[in-house]
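Colleague: Listed here are the chains, written in short residue letters.
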Amino acid sequence: MTTLDLTPAPGAAPLPRMVLAQAGAEMRGMLRNGEQLLLTMIIPVLVLVGFSLAPLLEVPGERIAYVTPGVLALAIMSTAFTGQAIATGFERRYGVLKRLGATPLSRTGLMLGKTLAIAGVEIVQVVLIVAVALGLGWRPELSHGPVGPVLFVVAGTAAFSGLGLLMAGTLRAEATLAAANLVYLVLLGLGGVVFPVDLFPAAMQGVVELLPITALADGLRVLLTGGSPFPYQELLILCGWAVAGLVLAALTFRWE
Amino acid sequence: MSSPAVEVVDLVKRYGRLTAVDGLSLTAESGAVTAILGPNGAGKTTTIEICEGFRRADGGTVRVLGLPPSRRELRARVGIMPQSGGVPPAMRCGEWLRLVARFHAHPLDPDALLDRLGLADQARTPYRRLSGGQQQRLSLAAALIGRPELVFLDEPTAGMDPQARRSCWDLIGELRAAGVSVVLTTHFMDEAEKLADHVVIIDRGRVVAEGTPAELTGAERQLRFRARPGLNLDELLKALPAGSAAKESPAGHYIIEGEVGPELLATVTAWCAAEGVTAEALSIERRTLEDVFLELTGRELR
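Residue numbers (my numbering), protein chains in the order written: chain A, 1 to 256; chain B, 1 to 302.
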């Protein structure tokens, strides 16, 4: 039988170590979960390959140049919004958030860990999607350097995280699961991911252009196809969603 | 004497119109094992969750290691084992324990702890595939991994098989020997009797009795036997020395209390012979904690 030294020696680990440990655990969880992989990797890659190869619709310019930024936006949404909402909803339901609250990891530490894990998964997604797109003949043209797209990814992640946490922190886990998947599907169809927004009736366009997915897809599209000017309006829309979503989530989040 | 590990004074907690905890006071001494006993719905979990900082009290004061339970610095000093759950279902047993270990400055070795709790073979098993008893053991491991000064164990052995229960009891004994304060709730009287230095029996949100197991069960011994139900005990009582008591509870089970010695035994067996009754399973015992518990909290189901 193993003897253990149970003499009390309490103490919290340094915050960076806690955050890294939590981020690692979250990231492994996301990459191991089959449904999550379907949303974050498989569907985006299928959409990318399908819509860039098959002449399914009329798009402005080269098809791959149009579709790739939309698929990147879809990938960001799938991780920061859909995946995060579902995972966090079930963590709340299974008492994981409550249990973690009884460890030295603070709520700030938990949120930093989650954010880091999302960034990690997004890096995997971007590498995968960019590699597939390059293989399909994509030749991006960066009109404002690499900082622009990164800025959009960060702002988009913040916007989608806020909305995901708002949903996960207030709805029941099952309702979050259903709603998050539904929103994913609807925004995949509506939000300028692959179907150009100007295909919709004029009355709808105004609304659709205010959606975070549209702002992210359109912004990335401008920046990755050598377009100008810099899409400030889209960035502003994303920042608006980010502030509103994160503030509302912070105010309404129920930990158990 | 060092200050108590937990001090609860006049605690009140209401859920809507229901008062779950109603002016409860208890003290858990430092370095001791304190067991909170009570029927379902007595307020055990509510009380322990307020001490853990999960719930807010509506009245009264609670001090854990001298601090209000909401204080962050307590998270490292206090280990908790909730009644159930708290682990992501897909996370592997060893992974969870290593994660919680990483939150602490001087944790126990996760593999040694898993081994000690008989979970070494389950280290790579996802939480949802563990049996109920294995999940409980993992939860206990996570409560101890950070080498806390105080642990709260909410029904630690619920769902464990007898071997696991024994090994959990041994571990609690070792915690006590190492100077860790333990506060646990339980439904098992033998657990409280065997482990606890101090037992607090609560019912309807109040303390109804407390003391060491010996104080609660008293020094008095009882004579017990089984016979056909409905014997008339009045005749027997007349023959017994003054101050004795006799009762049938439940039907067919007779308990005689008083100066239990050879004389009393002879009187009872003589009376049985006169009644033409064969007393079965005749024994002289101390009152058990279970007797005390049922006397105080009643026999009806809740």
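Hints are not guaranteed to be accurate.
Said to hold, decoys possible - Here are the simulated lysine to any residue pairs, SDA-like style, with alpha carbons at most 25 Å apart:
1) 98/A - 56/B
2) 98/A - 107/B
3) 98/A - 68/B
4) 98/A - 225/B
5) 98/A - 89/B
6) 98/A - 60/B
7) 98/A - 67/B
8) 98/A - 258/B
9) 98/A - 85/B
10) 98/A - 255/B
11) 98/A - 177/B
12) 98/A - 290/B
13) 98/A - 106/B
14) 98/A - 133/B
15) 194/B - 234/B
16) 247/B - 225/B
17) 98/A - 40/B
18) 194/B - 255/B
19) 98/A - 194/B
20) 194/B - 5/A
21) 98/A - 129/B
22) 98/A - 150/A
23) 238/B - 210/B
24) 194/B - 7/A
Claimed, not checked - On the chain A side, residues computed to face chain B include the following (Cβ under 7 Å):
25) 13
26) 16
27) 96
28) 99
29) 104
The hints are simulated quantities; they were obtained by calculation from the structure and are not laboratory data. For each residue, glycine too, the CB sits at the ideal point set by N, CA and C.
Colleague: Against each hint, give a clear statement of whether it holds in the structure.
Modeller: Status of the hints after comparison with the structure:
For the hint linking residue 98/A to residue 56/B, the alpha-carbon distance of about 14 Å falls within 25 Å, and the restraint holds. Between residue 98/A and residue 107/B the CA atoms are separated by roughly 21 Å; this keeps the pair inside 25 Å, and the hint holds. Proximity of residue 98/A to residue 68/B is assessed by CA-CA distance (about 18 Å); at most 25 Å being required, the pair is judged to hold. In summary, the hint linking residue 98/A to residue 225/B is not supported, as the alpha carbons are separated by about 50 Å, beyond the 25 Å threshold.
Between residue 98/A and residue 89/B the alpha-carbon distance is near 15 Å, which keeps this suggested pair within the 25 Å criterion. With a C-alpha separation of about 24 Å, the suggested pair residue 98/A and residue 60/B falls inside the 25 Å cut-off, and the hint holds. Between residue 98/A and residue 67/B the alpha-carbon distance is near 20 Å, which keeps this suggested pair within the 25 Å criterion. Restraint check for residue 98/A and residue 258/B: not satisfied, since their Cα atoms lie roughly 51 Å apart, outside the 25 Å limit.
Between residue 98/A and residue 85/B the CA atoms are separated by roughly 10 Å; this keeps the pair inside 25 Å, and the hint holds. At roughly 47 Å between alpha-carbon atoms, residue 98/A and residue 255/B are farther apart than 25 Å, so this suggested pair is violated. With a C-alpha separation of about 30 Å, the suggested pair residue 98/A and residue 177/B falls outside the 25 Å cut-off, and the hint is violated. For the given pair, residue 98/A sits about 34 Å from residue 290/B by alpha-carbon distance, which is inconsistent with the 25 Å threshold.
Note on residue 98/A and residue 106/B: the hinted pairing holds, with a Cα-Cα distance of about 23 Å set against a maximum of 25 Å. A distance of roughly 21 Å separates the Cα atoms of residue 98/A and residue 133/B; the hinted pair therefore holds under the 25 Å criterion. This hinted pair does not check out: residue 194/B and residue 234/B have alpha carbons roughly 37 Å apart, beyond 25 Å. A C-alpha spacing of about 11 Å is found between residue 247/B and residue 225/B, which places the hinted pair at or below 25 Å, so the restraint holds.
For the hint linking residue 98/A to residue 40/B, the alpha-carbon distance of about 22 Å falls within 25 Å, and the restraint holds. About 24 Å separates the Cα atoms of residue 194/B and residue 255/B, which keeps this hinted pair within 25 Å; it holds. Annotation: proposed proximity of residue 98/A to residue 194/B is violated, straight-line Cα distance about 31 Å (limit 25 Å). Distance restraint check for residue 194/B and residue 5/A: the Cα-Cα separation of roughly 23 Å lies within the 25 Å cut-off, and the hinted pair is therefore satisfied.
For the given pair, residue 98/A sits about 21 Å from residue 129/B by alpha-carbon distance, which is consistent with the 25 Å threshold. Proposed proximity of residue 98/A and residue 150/A is contradicted: the alpha carbons are some 34 Å apart, above 25 Å. A C-alpha spacing of about 34 Å is found between residue 238/B and residue 210/B, which places the hinted pair above 25 Å, so the restraint is violated. At roughly 22 Å between alpha-carbon atoms, residue 194/B and residue 7/A fall within 25 Å of each other, so this suggested pair holds.
Residue-level restraint check for residue 13/A holds (minimum Cβ-Cβ distance to chain B is 5 Å; threshold 7 Å). The interface hint given for residue 16/A is violated, since its Cβ lies 11 Å from the closest Cβ of chain B, which is over the 7 Å cut-off. Look at residue 96/A: its Cβ gets to within about 5 Å of chain B, closer than 7 Å, so that hint holds up. With a least beta-carbon distance of about 3 Å to chain B, the hint placing residue 99/A at the interface is held under the 7 Å criterion.
At about 4 Å, the closest approach between the beta carbon of residue 104/A and any beta carbon in chain B falls short of 7 Å, and the interface hint on this residue holds.
In summary, the structure is inconsistent with hints 4, 8, 10, 11, 12, 15, 19, 22, 23, 26 from the numbered list given earlier, while agreeing with the others.
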